[in-house]
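Chains as they are written, first to last, in my numbering: chain G, 1 to 279; chain L, 1 to 317.
One thing to keep in mind: the hints can contain errors.
So the derived label-pair ranges between C-beta atoms look like this [claimed, not checked]:
(1) G:ASP99 / L:PHE104: 19 to 27 angstroms
(2) G:ASP161 / L:ARG313: 21 to 29 angstroms
(3) G:ASP36 / L:ILE113: 41 to 49 angstroms
(4) G:ASP161 / L:ALA33: 45 to 53 angstroms
(5) G:LEU76 / L:ILE130: 41 to 49 angstroms
(6) L:PRO96 / G:ALA213: 46 to 54 angstroms
For the record, the hints were derived by calculation from the structure and aren't laboratory data.
Built from N, CA and C at the ideal position, the CB exists for glycine as well.
Okay, here's what each chain looks like letter by letter:
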Amino acid sequence: MFKPSEDVVAEPKGQRAVGRGAKTIETRGVDLFYGDFHAVQDVTMTIAPNRVTALIGSSGCGKTTFLRSLNRMHELTPGARVTGEVTLDGEDVYAKGVDPVAVRRLVGMVFQQPNPFPTMSIHDNVAAGLNLNGGRIPKSRKDEVVERSLRGAHLWEEVKDRLDKPGSSLSGGQQQRLCIARAIAVEPEVLLMDEPCSALDPLATLAIEDLIAELKSRYTIVIVTHNMQQAARASDVTAFFNLDATGRPGRLVEVGATNEIFTNPSQQETEDYVSGRFG
Amino acid sequence: MAQVDTTTNAGQLLAAASGGRRRLGDRVFSRTAVVAAVTILLLLAGVAVFLVSEGLPALTAGASELPEGKTFLDYVAPLAFGTALAALIAAVVAVPLAVGVALFITHVAPPRIASTLGYMVDLLAAIPSIVYGLWGIFVLGPAAVPVLKWLEEKLGWIPLFEGPASVTGRTMLVAGLVLAVMIMPIVSAIAREAFGQTPRKLTEGAQALGATRWETIRMTVLPFGRSSVISGAMLGLGRALGETMAVTIILSVSGAVTFNLIGQANPSTIAANIALDFPESSGLAINALIATGLVLFAITLVTNMGARAIIARQNHE
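Please model the complete structure; the sequences and the hints are all you need to start from.
Here's what the structure looks like:
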């Protein structure tokens, strides 16, 4: 039985110097399918710890699908398949005997639409992950984690007096920060964000981007975004995905330091995209 | 000046578009809807008026004029008790079962098995109640006899299984179980509908936190479907309260008020009692039966109002 406090993946000593538990993700020859539809083709890339890696590209290029393969959410869609290798600090997350539930504990996720659990209070939303998998935590310790996570998500000051109110009573931006607090409460190693600001106004977006900049000291962060300014502002590394035509699989065109990708990309199609010639 | 002209034009355009007369389709639709709503109210009022006017003579009559020489209250009380007991057994058994089936169909079974099973559950609802009654008396009852005996021996200290165990199986427990099978499909259908509509963003939110399948269901699907399960349970309870044929056939009645579910002597239910006694009744006895119908009507009404109150409170939270 997997216990959240233990690392599923073996961890070389001395690599915790920078972050608490940020991990390197490597993918090798990852192909993703929905039934017969080949959605993403042959992605090989390394995602560095304590960096924000942005996945950009036009709609349908498979960046969200790729993101969801990193915490084994992809396979939840009926008919979805993965081939190739995804490793977390060298350990294959798709290896036989690896429980996808254990992978998702280490690789947290924030979604496009804020999705707090509507019947739970703000407090219980943040604590939701702590009660899972037989975890029994004393109330005082739970309150501590809730406060730390809400502070970590820059939400504590706004909600500390109404922790017992439903999570759905918050504004959209607050709900998204609540979901981030919920994700970091279980202390994952990696945080995946699927267009976390696309449903938010510019001010709420700014709040989330500030938060992302801060969270990278503790986590490996991968963010899918439609918004190129956001990628330029918030990320250290950018990966550009593209597809040749509708119905064709998406592929990774290039990955590099964000300022390189935006000012001096090595591929013509990247330049066309970031300069706004299409997309 | 030009600006004033524009405004006037816009005003004229709006007036023309709105039209002096409303569109025909809207008019037909709203009339139809009103007629339908009023019809329901009239039907309900008609039934209530019938029950009250026909039942009133029995309500005001003295004990000596009524069947069994009892006052109306003494007459109806054991029946109301039996009705409530049978329906309660049915609900207690059927609701968890129905929720389980609904969860299996919506969130556990592979799609093909799920749709087959869903279809079969719906078929259960199509079986006539007389068939359930016959099944109860010829199959479930005899099959239950050893179980009733076992309950008496091992759990006899619980008043519910006090015994002596019936040798025919025509007991309150068996009647309640048959009712449970009868109401399970409707409860399950309503729960299934609600569970199936759990927003995917919620279930995925739970899964992304590392929730197992059961934890995901407990965190998202059950809370989401809770009010629907309650209304489904109440609908099922309403059906069990009024069910006539199956209970009439199965239950061996004596008019006793007892919580002993496995014995030979059982309270009858209002509906079964009407069905059994009506052919042999005349005069004030008929009025008495109709008055018991009024009591059943009231019980069902209160049950439904209770359900609505619960749902309203939950949605408010």
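Exercise. Between ASP161 of chain G and ALA33 of chain L, does the C-beta distance stay in 45 to 53 angstroms?
Worked result: holds, 46 angstroms
Problem set entry | Consistency of beta-carbon spacing, ARG313 of chain L to ASP161 of chain G, with hint 21 to 29 angstroms | holds, 25 angstroms
For this session: May I ask you to test the hint 41 to 49 angstroms on the CB atoms belonging to LEU76 of chain G and ILE130 of chain L?
Result: holds, 46 angstroms
For this session: For ASP99 of chain G and PHE104 of chain L, compare the CB-CB distance with the range 19 to 27 angstroms and indicate the outcome.
Result: holds, 22 angstroms
Problem set entry | Distance restraint hint 46 to 54 angstroms, applied to the beta-carbon atoms of PRO96 of chain L and ALA213 of chain G | holds, 50 angstroms
For this session: Go ahead and decide if the range 41 to 49 angstroms is satisfied by the Cβ distance of ASP36 of chain G to ILE113 of chain L.
Result: 23 angstroms Cβ-Cβ, so the 41 to 49 angstroms window is violated.
In the structure shown, a violation is registered for the earlier hint numbered 3 alone.
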